[in-house]
Amino acid sequence: MALVPTLFYILVFPGFLFMGAAGVLGEYVDRKLHARMQNRAGPPWFQPVADFIKLLSKEDLIPADADRTIFKLMPVLALTAAATAFLYVPLWSTQPLYSFEGDVVVVLYLLTIPTFCFFLGGWYSKSLYAGIGSMRTLTQLFAYEVPLFMAILSPAVLAGSWSLSEITAYYQVHPGYAFFNLLGFGVAIVALLGKLEKVPFDLPEAESEIVGGTFTEYSGRLLAFFRLTIDVETGVAASLVSAVFLPWGMAGLPAAVAFALYGAKVLFIIFLLALLRTLFARLRIDQMVEFCWKWIAPAALIQLLVNVILCGVLP
Amino acid sequence: MVNTAEMKQSLEGKFDFLAGKVAVQRERRVFVEVPADRFREVLEFSMKELGIDWISTLTGLDEKETLAVVYHVSGAHGIVLNIKIRVPRDNPVIHSVTDLFPACANYERELDDLLGFVVEGLPPGNRYPLDDNWPKDQKPLRKDWKPAKAAS
Amino acid sequence: MKLPGKMTGELLRHVLKTPATVHYPFVKVDMPDQFRGKILFIAEKCVGCKLCQKDCPANCIVINKVGDKRFEAVFELDRCIYCSQCVDSCNKDALETSPEYELASLDRASLHVVFHAPEAPPAASTPPAPPKVA
Amino acid sequence: MPSVKIPIGPQHPALHEPALFDLTLEGERILEMQLKLGYNHRGIEKACEERSYIQDIYLLERICGICSHSHSTAFCMATEEVAGLQVPPRGQYIRTLVAELERIHSHLLWLGVAGHETGFITLLMYTWRDREVVMDLLAMLTGNRVNYGVNTIGGVRRDFTAEQLQQILKAMDALEERTKYYIEVAASEPTLAKRLVNVGYLSPGDAMKFNAMGPTGRASSVDRDVRRDDPYLAYGDVQFKVVTDTHNDVFGRTLVRVGELMESYSIVRQLIAKMPDGPVKVKAPRKIPAGEGVARYEAPRGEDIHYVKGNGTDKPERVKVRAPTMGNLAAVGKMLENNNLADVPVVIAAIDPCFSCTDRAIRVTDLSKGRTELLTWKELRQHGIEWYRREAGVDFSRLNKLLAAR
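Residue numbers (my numbering), protein chains in the order written: chain A, 1 to 315; chain B, 1 to 152; chain C, 1 to 134; chain D, 1 to 406.
In isolation and in its complexed conformation, chain A is listed as follows (with noise of 0.2 Å):
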């Protein structure tokens, strides 16, 4: 493996530039999408820039209490495992960057990391209120991580594999197959929900409760990155979900309009988690464990028992 490209494949493309920029777009993209379904303004192009340059010239504070190391390396620990996680993604051919068997487990596992660093970091800021998010980043974890695994492996279920490129493959033989995972798709979309935070599962920072949540003690270049890491999470997560539940045209089209089609579904994905964050209000952390569990993870449970007869009757 030649040297220059592949720091040229991390640090700038599809690496940690392309990425970075990725997600700062995601996320102008949410606000605004999530401002015009409320009759808003929303804010300018760069204001996700701005926010990110702003919080980048704070101070950071620690308090004196936090455990100083593990403050200060949950959230590059988060922002690496969320990068990395993209490497593995395939995103406008069925070939991601690099790949082997197994690899949707391990993208998976990376993209649990950051909420694992989330929980960390706020409980080990020592305040009540960090202390009081964490508890329900996992106590949400638990609920939406299983519904989660359990859509986006189904897929992988049908095409017999677990290697991402082989899965995408799959589908452009049998295109038709994709809508079998229809079902999936909606439990993986609501279960992001809760894997990025969002209303109506935006439990571990709903700031009419305990204020900042999790990152309440979070200031500077620290906050940065965790925020930097929520867009990259939303990015790698809109396009693991796109190529697994929605992969049509991965092959056989020209760089630059299969560049564009994942372009588009990645932004139907994001418009679709704006759409729902719109529309709800906020559950209560036992009204939401309630509703992962009685509808979200039996509705994964179908989906994977579909396919795995599917497995079985389909040629």
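Don't take every hint at face value.
Label pairs and their calculated CB-CB ranges [to be verified]:
#1 Gly65/D <-> Asp131/B: 58 to 68 Å
#2 Ala47/D <-> Leu61/A: 41 to 51 Å
#3 Gly84/D <-> Glu120/B: 33 to 43 Å
#4 Lys58/A <-> Glu17/D: 22 to 32 Å
#5 Leu61/A <-> Glu44/C: 52 to 62 Å
With a Cα cut of at most 30 Å, we get these calculated DSBU-like pairs of lysine-lysine [claimed, not checked]:
#6 Lys69/C <-> Lys54/C
#7 Lys28/C <-> Lys274/D
#8 Lys209/D <-> Lys8/B
#9 Lys64/B <-> Lys315/D
#10 Lys64/B <-> Lys146/B
#11 Lys92/C <-> Lys180/D
#12 Lys170/D <-> Lys45/C
#13 Lys46/D <-> Lys283/D
#14 Lys136/B <-> Lys170/D
#15 Lys21/B <-> Lys64/B
Hints are computed from structural coordinates only; laboratory data are not their basis. Cβ atoms here follow ideal geometry from the backbone N, Cα and C, with glycine treated the same way.
Fit chains B, C and D to the known structure of chain A by using the hints.
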């Protein structure tokens, strides 16, 4: 439901000290003044016979020699009965009506804080509306109390 | 069972509608003609009855006699509550409201407005525009 | 089980203005509430005695930013009663018109606040956008968006033109359509209902006992409305229904308020249709004779009462104001009783108190142990955590240990 004229008639008929003293300022506004020791009797009679079940507020008045309280009570008929009692300035003791109107507690505390009434039978609670640090002998709504000149 | 998401159609319709809000410091909303904004004083009409000074709830008007039948007005705009009672009280129409509403200032001295007597042109010091928010 | 005292406030994330709610708890259950009020006490009643009647109008108007017209109208009505002034019919109608517009804007505001407290930001944005229609109307009619300043002793300061009245009618049609939509949303959006139904229960008996007024009382079947029972201004000339509800909770209070919005639109239309011609005010003397007057007024939040005593000078001898929230506070204690402590911030936020009109606070007293403890917000949250552990199986015991160690 009683109307204004009936209320006047009924009050004057029941209590001889009110004869000819029930002032009807306009429709649905009845003003009476009763001796402090008969007040409870009048109030209970009004609640029983005149459909009074609602207390709007109490107004404390500083009338130089005496302090006075006006009880603004009404009912579903919409008539506001204003019962005034007078107590001596050097011994301004009134009896709480919180047993009849539980909502009244804060109004009575306000009388204590702002005008220096002594309310007997008031359930324990925080003072209202002045701050806990406010000196107990300063009663701002008394006429002889003047605020310090504000620095402008 | 009632399904959540009652407002979906409404939200989708609004994506394409013109927003109800404006980008404030760049786009300004005009106030109606009768808006009670900054008070203006027309020194030529003043006869020095001081009714405005007497009726002002905030005590923010002072009328000074500077010469024979010449009066100047001093307004403390940081105290003014913009009720325009002075305009109503004035029998000579020497006071009027203006729709100017951007009166916030970082400098309190700029809110001490003097309307000079007739000889000098009525020069009100205009407060600086509020700090622009990006 | 021992009971504990917990204060919420004076500064608290769920409160918009300073207040202290003192709660007596038995375990998780709230037994009793005591208030510590006065953080917003501004000495307005004393200040009124040192100002002339004209200055008092504007001072009293600024008691509250939301129900400013309520206070100034009640004061003017009481003063006119003392002075024996008769406001011309057109003046009465204009006052009534502004009063109803104010009610519309206040109820729409409340709907938005309810949305915000339940995390339903979209409802907040939509209702506050529609509220702008009324605010713009009021700015056009009176010259300001909040402290309208239309009242003066003896009438109103401004006359409305026929064109302006037409504009009001047009706005009412638009708002009525929107309100119907919100009623539909509130009735059929389950995520919203989950946060409102059975929260802050107040039984009809308790509501009457504590004299709960306004929408708070009417949501608990207390059929009292000053506009109907003691007609003032032009309310005797218009037909309207007093909206009541039997839900007895925050959901019922929401339904009463949207129902009153619909009634207000109809009242506004009737007023404009019947608007008489003629002068809008009579000349009022500067010196008001000796005498006393009581004015009751149905403010958006309930009954507002003003007592004015004149002494023959241009300054009142005594002005007494009782704002509606003050009267509802006793009932608030009842609402919190038997609620879960974890729900307290939601309940307090949902009753929509006007903190400026009344100051207030809650302190909790431990009856069984007989000790008084000051619990901070974080300790309150700890109760919430334990509750969730029991009720939802969410284990926060590690956090509790951490808290105990601090």
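### Query
Tell me, which hint numbers fail for this structure?
1, 7, 11, 12, 14
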